[in-house]
Amino acid sequence: MVINWFKYSAPTTFYGLAGRLIPYFAWPAAILFCIGLYIGFFVAPTDAVQSEAYRIMFIHVPASILSMFIYLIMAGYAALGLIFKTRLSAMMASALAPTGALFAFISLWTGALWGKPMWGAWWVWDARLTSELILLFLYLGYIALQASIDDPRRADRASALLALVGSVNVPIIYYSVQWWNTLHQGSTIKFSGTSMHIAMQQSMFTILVACWLYTIAVALARVRSIILEREANTQWVNDLPEVKGVRS
Amino acid sequence: MKRFSLFGLLGLVIRRDLLLAMRRRADVLTTLIFFVMVVSLFPLGVGPEPEMLRRMASGVLWVAALLASMLSLPRMFSADYLDGTLEQMMLAPQSLTAMVLGKIVAHWMLSGLPLVLIAPVLGLQFDMSAQALWILVLALLLGTPVLSMIGAIGAALTLGLRGGGVLVSLLVLPLCIPVLIFGAGAVEAVNSGMDAVSNLSLLGAFLLFALVFTPFVAAQALRISME
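For the record, the sequence lines run as chains P and Z.
In terms of numbering that gives the first Met the number 0, the first sequence opens at residue 0 and continues consecutively.
In terms of numbering that gives the first Met the number 0, the second sequence opens at residue 0 and continues consecutively.
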């Protein structure tokens, strides 16, 4: 049997597949969010050191993890797009970027809310905060470049190249910021190695999985819109029931 | 058609770009004046206490150098793009990577080198010690070429776009942060009585790393932009 590996790399076939897949990611995401938040707010005990404010971490940590992870996935799709010249890879990369930027922003925002009661300041030039901020800048640069190029093919390839250059730079930036931080100031408050309560772990992990599923669902939905936009003049798009209903 | 050696080609491109720049000297001077002006604005903004100025000096000079190099980036390829030279360069049976490297070197000689040369004078305004001034010049000498190289990628990607000038800063500035950190850190280290060697070595490493990769990546970016 011959498997056609590239079958779903064509926007025509992927459009339908994405539409069928979205509910399988969106519903579990919503349910897991509810479960994770419930455990986080009602089951997990109050922290001995940080009292109630630590509960911000249940959103903060998954958002930070995903903001970094999404950039890697985005760069991976960008590389695929440049190497195989598959249009869908570039579309996936651009569909992921806004979600990545959103998570980077949420991570900074919740970090500030957590920092005020813990460190007594909304913003500290901590190494992790600074590199998260730079990551947000990288996302914004990617989105801005894509938005300012009118020709979609050029936009795809140019932003893919930028994502790759960025991904090479991310570790360098991370370590330089860390080094700069130790050079300039004493270490900010660190967590002592207390073991986490099992309910805290459960909550954080559940929300992490929920955020992940949410990312997939949203990226698929966004890529469907991008496909429709790019292929608006083709016959197969005009034959789609949802398009026909609107146009007639 | 004659095929040039790498250095022959580099020399040709550099000489041509320098010649073109000499015919329009105002462009080169604008960058330099901008640099001097930004640096001079800081004491007016934060106050003239020598103690504070001495501590701020390296950071101020580096940020100003970063901004000044952004200012001249859109010009790196745009003139050649508009009059069709760039297209001819791509059609020529020579290595595009080498030609891009030549353009980067020329750009650095026109926008980076003048900053390095004027920096000690500005450093004196900030009451920097002689040793710190030497390290500052050395760090700028190692760091500003990296800014031109990373900038070349941004300039190539935004070629011919609306609002390319602001966009290129948006793309390139985050990528330049390591250079800023270690460049300013070298002077900082001297001021606090430590050795600047580690900072300078890292800047040198960035320079070599960028030298190997960025001309190639910028050439690819030009191909994408010219398609």
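There's no promise every hint is true.
Cβ pair distances, simulated, as ranges [stated by the list, open to error]:
hint, chain 1, residue 1, chain 2, residue 2, range
1, Z, L40, P, Q200, 18 to 28 Å
2, Z, V211, P, A220, 37 to 47 Å
3, P, P22, Z, D26, 54 to 64 Å
4, Z, A78, P, Q200, 58 to 68 Å
5, Z, R161, P, W26, 40 to 50 Å
Chain Z is faced by these chain P residues, among others (derived, beta-carbon under 8 Å) [claimed, not checked]:
hint, residue
6, R54
7, I55
8, L139
9, G140
10, L144
11, A157
12, L160
13, V164
14, N168
15, V176
16, W179
Hints were generated in silico from the structure; no laboratory data involved.
Just so you know, even glycine gets a beta-carbon here, dropped at the ideal spot from N, CA and C.
task = Hint by hint, work out which the structure violates, then give me just those numbers in ascending order.
result = Hint check: 1, 6 and 7 fail, others pass.
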